[in-house]
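K.L.:
Now for the letters of each chain:
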Amino acid sequence: MFPIVLLSVFAVVLLFLGFLKSRSVLLPATLLFLVAALVANFLDWNKTYLYFNSMLRTDNLSMVFTAIVLLSSFLVVALSGSFEDDEAAQPAEYYAIILFSLVGAIMMIGYENLVMLFVGVEILSVAMYILTGSDKRNLRSNEAALKYFLMGAFATGIMLFGMALLYGASGSFTLAGIASYASHAQQGLSLIFYVGLLMLLVGLLFKVSAAPFHFWTPDVYDGAPTIFTAYMSTVVKTAGFAALLHLLAASFTYVYSFWGIILAVVTAITLIAGNVTAVYQNSFKRMMAYSSISHAGYLLIGLAALSAQSRQAIVFYSLAYSIATISAFGVLMLVTRQRGMQTLSSNPLSNESFDAFNGLAKQNPLLGLAMATSMLSLAGIPLTAGFWGKFYMFSTAVERGQIWLLVVAVLMSAVGIYYYFRVIIAMYFRDGATEPIRISPVFRYVLVAAIILTIGLGVAPGLLQGLF
Amino acid sequence: MQIGLLCALIPLLPLLGFVINGVGFRRVPTGLVGGIATLAVLASFLIVVSLFMSFPAEGGPQIVPLFDWISVGDLHIPFSFQIDQLSLLMLLVVTGVGTLIHLYSIGYMHHDEGFGKFMAFLNLFIFFMLLLVMGANYVIMFIGWEGVGLCSYLLIGFWNKNVSYNNAARKAFVMNRIGDLGFLLGIFTIINTFGTVEYVDVFKQATSLPMGDTTVLVIALLLFVGAMGKSAQVPLYTWLPDAMAGPTPVSALIHAATMVTAGIYMVVRSNVLYTLAPQALEVVGIIAIITALLAASIGLLQNDIKKVLAYSTVSQLGYMFLGLSATAYTAGMFHVITHAFFKALLFLGAGSVIHAMSNEQDIRKMGGLRKALPVTFITFAIGTWAISGLPPFAGFFSKDEILAHVFEHSKVLWALGVLGSGLTSFYMFRLLFLTFFGEFRGTAEQKHHLHESPATMTIPLIILAILSAVGGALNLPGGGWLSHFLEPIFEGSRQVNPEAFAESTIEHSTEYVLMAVSAGVALLALIAAYVMYISRKAVPASDEADRSMPEQVIYNKYYVDELYEAAIVRPIRSMGDTFYSFGEFAVDGLVNGVAWLVKQSSAQLRRLQSGSIGFYVFAMVLSIVLIFALRFFIRF
Numbered sequence: 025m026f027p028i029v030l031l032s033v034f035a036v037v038l039l040f041l042g043f044l045k046s047r048s049v050l051l052p053a054t055l056l057f058l059v060a061a062l063v064a065n066f067l068d069w070n071k072t073y074l075y076f077n078s079m080l081r082t083d084n085l086s087m088v089f090t091a092i093v094l095l096s097s098f099l100v101v102a103l104s105g106s107f108e109d110d111e112a113a114q115p116a117e118y119y120a121i122i123l124f125s126l127v128g129a130i131m132m133i134g135y136e137n138l139v140m141l142f143v144g145v146e147i148l149s150v151a152m153y154i155l156t157g158s159d160k161r162n163l164r165s166n167e168a169a170l171k172y173f174l175m176g177a178f179a180t181g182i183m184l185f186g187m188a189l190l191y192g193a194s195g196s197f198t199l200a201g202i203a204s205y206a207s208h209a210q211q212g213l214s215l216i217f218y219v220g221l222l223m224l225l226v227g228l229l230f231k232v233s234a235a236p237f238h239f240w241t242p243d244v245y246d247g248a249p250t251i252f253t254a255y256m257s258t259v260v261k262t263a264g265f266a267a268l269l270h271l272l273a274a275s276f277t278y279v280y281s282f283w284g285i286i287l288a289v290v291t292a293i294t295l296i297a298g299n300v301t302a303v304y305q306n307s308f309k310r311m312m313a314y315s316s317i318s319h320a321g322y323l324l325i326g327l328a329a330l331s332a333q334s335r336q337a338i339v340f341y342s343l344a345y346s347i348a349t350i351s352a353f354g355v356l357m358l359v360t361r362q363r364g365m366q367t368l369s370s371n372p373l374s375n376e377s378f379d380a381f382n383g384l385a386k387q388n389p390l391l392g393l394a395m396a397t398s399m400l401s402l403a404g405i406p407l408t409a410g411f412w413g414k415f416y417m418f419s420t421a422v423e424r425g426q427i428w429l430l431v432v433a434v435l436m437s438a439v440g441i442y443y444y445f446r447v448i449i450a451m452y453f454r455d456g457a458t459e460p461i462r463i464s465p466v467f468r469y470v471l472v473a474a475i476i477l478t479i480g481l482g483v484a485p486g487l488l489q490g491l492f
Numbered sequence: 048m049q050i051g052l053l054c055a056l057i058p059l060l061p062l063l064g065f066v067i068n069g070v071g072f073r074r075v076p077t078g079l080v081g082g083i084a085t086l087a088v089l090a091s092f093l094i095v096v097s098l099f100m101s102f103p104a105e106g107g108p109q110i111v112p113l114f115d116w117i118s119v120g121d122l123h124i125p126f127s128f129q130i131d132q133l134s135l136l137m138l139l140v141v142t143g144v145g146t147l148i149h150l151y152s153i154g155y156m157h158h159d160e161g162f163g164k165f166m167a168f169l170n171l172f173i174f175f176m177l178l179l180v181m182g183a184n185y186v187i188m189f190i191g192w193e194g195v196g197l198c199s200y201l202l203i204g205f206w207n208k209n210v211s212y213n214n215a216a217r218k219a220f221v222m223n224r225i226g227d228l229g230f231l232l233g234i235f236t237i238i239n240t241f242g243t244v245e246y247v248d249v250f251k252q253a254t255s256l257p258m259g260d261t262t263v264l265v266i267a268l269l270l271f272v273g274a275m276g277k278s279a280q281v282p283l284y285t286w287l288p289d290a291m292a293g294p295t296p297v298s299a300l301i302h303a304a305t306m307v308t309a310g311i312y313m314v315v316r317s318n319v320l321y322t323l324a325p326q327a328l329e330v331v332g333i334i335a336i337i338t339a340l341l342a343a344s345i346g347l348l349q350n351d352i353k354k355v356l357a358y359s360t361v362s363q364l365g366y367m368f369l370g371l372s373a374t375a376y377t378a379g380m381f382h383v384i385t386h387a388f389f390k391a392l393l394f395l396g397a398g399s400v401i402h403a404m405s406n407e408q409d410i411r412k413m414g415g416l417r418k419a420l421p422v423t424f425i426t427f428a429i430g431t432w433a434i435s436g437l438p439p440f441a442g443f444f445s446k447d448e449i450l451a452h453v454f455e456h457s458k459v460l461w462a463l464g465v466l467g468s469g470l471t472s473f474y475m476f477r478l479l480f481l482t483f484f485g486e487f488r489g490t491a492e493q494k495h496h497l498h499e500s501p502a503t504m505t506i507p508l509i510i511l512a513i514l515s516a517v518g519g520a521l522n523l524p525g526g527g528w529l530s531h532f533l534e535p536i537f538e539g540s541r542q543v544n545p546e547a548f549a550e551s552t553i554e555h556s557t558e559y560v561l562m563a564v565s566a567g568v569a570l571l572a573l574i575a576a577y578v579m580y581i582s583r584k585a586v587p588a589s590d591e592a593d594r595s596m597p598e599q600v601i602y603n604k605y606y607v608d609e610l611y612e613a614a615i616v617r618p619i620r621s622m623g624d625t626f627y628s629f630g631e632f633a634v635d636g637l638v639n640g641v642a643w644l645v646k647q648s649s650a651q652l653r654r655l656q657s658g659s660i661g662f663y664v665f666a667m668v669l670s671i672v673l674i675f676a677l678r679f680f681i682r683f
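First to last, the sequence lines map onto chains A and B. When we follow the working numbering, the leftmost residue of the first sequence carries the number 25, and every step to the right adds one. When we follow the working numbering, the leftmost residue of the second sequence carries the number 48, and every step to the right adds one.
Everything labelled a hint here was simulated from the structure, so no lab data went into it. Fair warning: this is a prediction, and the values are worked out from it, not measured in the lab. All the given hints hold, so there is nothing to weed out.
Subject to a maximum C-alpha distance of 27 Å in a straight line, what follows is the list of computed BS3-like cross-link-like pairs (lysine-lysine):
(1) B/LYS208 x B/LYS354
(2) B/LYS164 x B/LYS354
(3) B/LYS164 x A/LYS386
(4) B/LYS208 x B/LYS164
(5) B/LYS418 x B/LYS494
(6) A/LYS386 x B/LYS208
Throw the hints in and build the complete structure from the sequences for me.
P.N.:
Next comes the structure, spelled out in structure tokens:
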């Protein structure tokens, strides 16, 4: 609750700060605001509250998810470096939009009423459409924004239709009301209810880029400025999964037999589509887009199984995935900028390709280490956080007895190793013309923090589990 | 201060030392390196002493939880330390002897170009050893167990420009790995049986099991396989003599005083399980006596000053296990402590000799060193006296206590034990006489260079000599301090098998006779050595000299290394070659085939990503239709 209020106010303040001549105050101010929101978030720790006539709720789970999105945004904003390279950029607006979008994300995490879910999704999505197209003079960025908007509008329509049908069947927008209607599943429920549930699910699955609703993802992630790709692939995904988890766990456990199998099939398709397609990519950024689809698949395992372990599995996985992804995109931004200055070519295809990383680790050991740690974590190699994330996910599937899904997931993780290790091989075993890259202190802190968090959680996963 | 913080500091300080010296290798000034490393361990020692002082006399174990570490299903493994009588004793030995050896290393190693690296590794070793000893469950012990193995590997091969040293390091690593597999399987069996790895819970559950339970027997044997590797018992002992390739302080710290006794610590820690499985104890006893005699007999004819000490270590470890096999856990621990004192002393003394002799280790080229190295000579003599089991020094009391318990258990084992003790006395005095008495047999240049070692090296020698001399007072015969102190540790064992812990049935007169016999045998061996090497001035023959058949066999260490090479290493290697030539074709074909398949499907799937929104929307609608069809029209 507190973060929503604080972030809304801060975002407005940021817009006014944009009138100042100096841009340099914006980045520290935004970071400060995020830290304030993070602290305020934990004020209600160990208490459960309902706000605004049971529209929103805060409990420990929602606070942990909120903390993850705030931490991710903090890291992303820290890596943005005030957009000092880009004269045409408008950092005040960007930061304000990020803060506004966080409000939407937190509403998606803590909603108790489908209306709040819809409002949250829209706040977040509209903000994302703008950020995707923020590189106004770049055709790719424009194209991506338009695509995202069209597809997103389509998905929103379906989702809203689903909510309407659910209301029609159960007579309620609240999760508790829908749950009490669904609890009579034995006596038979109206067909409209099931149709509504499916359409709502499709809408949300689109937002987390699960296959076969994932087609927008590679184009949008590839076209958006890298910093916003990092934001989208972490914050939006975490918020989307928190929303799905809350929805399914609070309202639809009674009809698990209806949607469980659908989610399991969607999970399998997502895993295969994401991992297999990533193999053929030559652009690192595009590979990361497919990788984010595949991780949506791993996260879906926990939803498709929906067992007692699912909550902590999804929390742990989102955190591990967010940290690794942000640090990978951070390194990519540095490498791309360096290549752009070196070769004076703005051809993004060569600057963002795997070849751009050749020999990186020799001249830039920190960047090499940060990237290698992220890749190992994303691939799920032991002693990184990603390993335990996958482990918890897989154990939820075992608990539910979905062995076939587990087999698919394990095989696809093996495929994943192929493309994640391509970067490591390029950095450590190939020769390239990379020169030492100047790293600003903020960047250095973020990367070091990401390495420590990833390995720390990999060595002692219990640290986080003890939290809630 | 909080006990939790104190306990965490004990291993963290050496780790900090490792980080400073390791990260700052080549940057930290050489003068500071030794000081930082030694102070880190000394500080840990002082904390341990304060914990020891404040520990209630008959208190139960104090568990210090640090954080939840791994939770998987029903299995919870916290990261916690256990402070009780046993861990406190081991902590005192590890940090105390460790501090002395760190101090000694400053004098011994400071000329070496890798001095910083060396001290960093020593600190890291202490860190892992402390984890091993302090951990409150088998998993933390295992981490420490693997960690000390790693450090041992790094330090044996410390001078890594020498190929044979690297081979020795690798041999130690591989042999330990065989033992570790047993240990690991033991832990898995424990998890499977008890559902926990916490000592307190495991032993509490175990006390309700019947004597001779098969699962417990399996666990005990598997754990002992681990102990065989780490504590160099037959058949996994051959790595320890080779491990002498490492710098001498390493031999003293890791391969004599601390790491190799980890196996004994583990068995004593798990004493409830072993008491429940008498058959396992029988196995331990047989292996122990074979090890003790075999190693002692090899020691008789070795000519490398460190090799003699290495075989003596193997043999003494055998004695410790022998004591454990007679459920004389206290006696075993007592010998661990006294052995840590006198064996560290002997190794450090040997290091001082090697230092003075410009890296010469062959005792045939020494002799008469007592005039040039008076401090080393006196302390070495005290160590020899102690290890030989002659009164009144430490070794006499601990070895006698073991032998007295073994006598109660089995007369045959006792007789063999006394024989081994005689052998020990003989080869140790042979070493002493050949090194320090008679005429100098080295080159003139070496003779010119002879000198006593600096104070950083002699002070540890003197302290250890005092400890070796009076260490026996810890547990005087007839209910000493140590057996009283350790009593709470064996509460569980006493519960499951009261007979084994009943008051000794031997009368005092018998006990004195036993003492007299073993001391007498040792004394006889001393006289024999005196006659051979001082009166007759015999010097061992050179390597090429003709030897009689049995002598030849012993001189070549019973050809055990050659046997392993022929029976295990070569078959495995040829199997590897076979698999390689076959597997290269089959496995690579399979792997590449799968990779090709994935890549092809990737190329096809990629085409779906056409970039056209029309197609994307169409795919979405089609998917929704399919899902609806799946759910509403095709019922299953």
